[in-house]
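Novice: Residue strings, one per chain:
There are 2 protein chains.
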Amino acid sequence: MSTRINLSLDQVFDLAHRALTHNGMADDHARAIAEVITQGQRDECHSHGLYRVLVCVRSLRSGKVDPAAQPTLSQPAPSIVKVDAHFGYSLLAFQHGLPRLVEAAHKQGVAALVIRNCFHFSALWPEVEAIAAHGLVGMAMTPSHAWVAPEGGNRGVFGTNPLAFAWPRAGQEPFVFDFATSAIARGDIELHARQEKAIPLGWGLDADGVPTTDARAALDGAMQTFGGHKGSALAAMIELLAGALIGDLTSAESLTFDAGAGATPCHGELLLAFDPQRFGADDFEQGQQRAEQLFHAITGQGARLPSQRRFTARQRSQAEGVWVERSLLRDIEGLLT
Amino acid sequence: MSTRINLSLDQVFDLAHRALTHNGMADDHARAIAEVITQGQRDECHSHGLYRVLVCVRSLRSGKVDPAAQPTLSQPAPSIVKVDAHFGYSLLAFQHGLPRLVEAAHKQGVAALVIRNCFHFSALWPEVEAIAAHGLVGMAMTPSHAWVAPEGGNRGVFGTNPLAFAWPRAGQEPFVFDFATSAIARGDIELHARQEKAIPLGWGLDADGVPTTDARAALDGAMQTFGGHKGSALAAMIELLAGALIGDLTSAESLTFDAGAGATPCHGELLLAFDPQRFGADDFEQGQQRAEQLFHAITGQGARLPSQRRFTARQRSQAEGVWVERSLLRDIEGLLT
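Protein chains in written order, with this note's numbering: chain A, -16 to 320; chain B, -16 to 320.
Please note that a few of the clues may not be correct.
Identical copies go unnamed one by one, so any copy, or any two together, can satisfy a pair.
[Unchecked claim] Below 25 Å or equal to it, Euclidean Cα-Cα: the simulated SDA-like pairs (lysine to any residue) are: (1) LYS47 / GLN58; (2) LYS90 / GLN260; (3) LYS47 / GLN269; (4) LYS47 / ASP266; (5) LYS90 / ALA264; (6) LYS90 / ARG299; (7) LYS90 / ARG152; (8) LYS90 / PRO157; (9) LYS47 / THR196; (10) LYS90 / THR55; (11) LYS47 / ASP241; (12) LYS90 / LEU56; (13) LYS180 / SER(-15); (14) LYS90 / PRO59; (15) LYS47 / ALA190; (16) LYS47 / ARG169; (17) LYS47 / ASP10; (18) LYS47 / HIS5; (19) LYS90 / ASP11.
Derived by calculation from the structure, the hints in this document are not laboratory data.
Using the sequences and the hints, build the whole thing.
Specialist: Below, the structure written as structure tokens:
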């Protein structure tokens, strides 16, 4: 008997939605979350696919997240759209803010979407892709929990602080990247620890600040940023822009707020949208061609565009559905009884 | 006899200004350039100090740069300020655009300054610092010449594509970084080649795309980005935002435009300004404190803030003037006869 079962994308959405609502999540939140979970499963980002249903339900049961918080919207300046998630999940807040962000970017040329007071577990690529689907260039960043040491230091200050970017391409998937400014995801170090496998140097420091290959020591010590002092500078920028600037928690404050619960981090998020038509004006078409020439210069020498693997998986999933481990399905179905 | 001579900052400015105007540069351009050259010398960024006078005069004599081009300003959207440098140097264009950028950021919350058709030789930190001096958060980026291969590739596509950021701090120097998305500056590889010294792995590839420690082979092959696929993604983002989006040249086009002259690159620049008062509103003061806590968490564990070395040099230079090599002064004085 195969250990995996084929599901259509509609079935994935339906399962996630039912498991979330059955466990007390309001319908609109459950829809917003089930949508990105379906996208994660579709793109074979398994840690952001159906597996997340388990994490969400655990967080719901911990009582930290408000499962029915209604986001409220304001526009404190013509180019700033602000959504207060009121300590619900971030995704419904993003959905509420997106149309106003798009409108502001069209009108002003560039605009920001600020999400405040949200619990945040999702990848950023679904959001920058949603911005790009409106023909806009998107950027997004968030802090997380203060696990990552600054270059030259030895104690956690930064979160894994992801940065995502999308450039819309006519008639095809956008150019998209979404990376952590930590050298590696915390989950990868946890996986190595569980499997008692060594980690490469460059991922973490032990409690004395010494570079280590011991995964457990790195979890007790501090993670490292990618790219030395440059990655460290970027991580600081994200604390400042998506924390201090927008009036929300830094990764250190978010970790304190969590108070050892090990829940999904609570903090803010900053997204930017640029309208290429307003920036490019008469040169818009030429700008589009320039971007395509850049992409061809990259792929033409055998290098990959970021997200290429994800888009290949997407095509496959859209044609054939997705394959899900029976054990994962059993765990999710267990949440429905 | 000492090989170095002490000059006041006014003397540095005056010398640079005289050498530039004597060689045909219009007074307003010469002032704008002499100002950042003085800042570079003051902060002991020697490659951006008085040494640049020689490079500027060489470029002037090559006839590529218009030494008197008058920048023209437009505002195609409320949050986009655009300055066309008309193939003069970028710095006067930046000075023309800055007041309008500041005004737009105050009014809209976030705004962009686009500089088009400029010759660009300067570091970006003087510009993001100038934005921060108005109490705004600044970001800046430019392409350059296509010397840098994408991760997984072997031929130059990206420029050294610097990214700079500044966060204003009350009563003290801002938090500032300014780094190339290449692993190292091209000048550093050139220096190794001249001195016949090996370069570390990670800086460059030979003409066959093989990682090399031979500086000359890397100059004939391709440079590498910092931080693997993440640095490569950032470099691509800068081509897209500060090239394709704003309707100006990518690094590949800029290199073609140069046509082997080896002149200062000609391309565009994108700057962003965020108003923390508009983003923070009632939480502005708390945001300022959060930023300070972040900085203290970094320096409190013995790590350095970026630009700290530069600010130390600045203090010293402001108190004692700067020390300049006699040979460099002789070369500059040679341009005055």
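Novice: Confirm or reject each hint.
Specialist: Here is how each hint holds up against the structure:
{"no.": "1", "hint": "LYS47 / GLN58", "in the structure": "neither (28 Å within a copy, 46 Å between copies)"}
{"no.": "2", "hint": "LYS90 / GLN260", "in the structure": "both (11 Å within a copy, 22 Å between copies)"}
{"no.": "3", "hint": "LYS47 / GLN269", "in the structure": "between (50 Å within a copy, 24 Å between copies)"}
{"no.": "4", "hint": "LYS47 / ASP266", "in the structure": "between (50 Å within a copy, 23 Å between copies)"}
{"no.": "5", "hint": "LYS90 / ALA264", "in the structure": "both (13 Å within a copy, 22 Å between copies)"}
{"no.": "6", "hint": "LYS90 / ARG299", "in the structure": "neither (38 Å within a copy, 47 Å between copies)"}
{"no.": "7", "hint": "LYS90 / ARG152", "in the structure": "within (21 Å within a copy, 31 Å between copies)"}
{"no.": "8", "hint": "LYS90 / PRO157", "in the structure": "within (22 Å within a copy, 32 Å between copies)"}
{"no.": "9", "hint": "LYS47 / THR196", "in the structure": "neither (34 Å within a copy, 54 Å between copies)"}
{"no.": "10", "hint": "LYS90 / THR55", "in the structure": "both (22 Å within a copy, 23 Å between copies)"}
{"no.": "11", "hint": "LYS47 / ASP241", "in the structure": "within (9 Å within a copy, 59 Å between copies)"}
{"no.": "12", "hint": "LYS90 / LEU56", "in the structure": "both (18 Å within a copy, 20 Å between copies)"}
{"no.": "13", "hint": "LYS180 / SER(-15)", "in the structure": "neither (28 Å within a copy, 59 Å between copies)"}
{"no.": "14", "hint": "LYS90 / PRO59", "in the structure": "both (15 Å within a copy, 10 Å between copies)"}
{"no.": "15", "hint": "LYS47 / ALA190", "in the structure": "neither (29 Å within a copy, 56 Å between copies)"}
{"no.": "16", "hint": "LYS47 / ARG169", "in the structure": "within (22 Å within a copy, 51 Å between copies)"}
{"no.": "17", "hint": "LYS47 / ASP10", "in the structure": "within (18 Å within a copy, 63 Å between copies)"}
{"no.": "18", "hint": "LYS47 / HIS5", "in the structure": "within (18 Å within a copy, 69 Å between copies)"}
{"no.": "19", "hint": "LYS90 / ASP11", "in the structure": "neither (29 Å within a copy, 35 Å between copies)"}
Hint violations for this structure: numbers 1, 6, 9, 13, 15, 19, all remaining hints satisfied.
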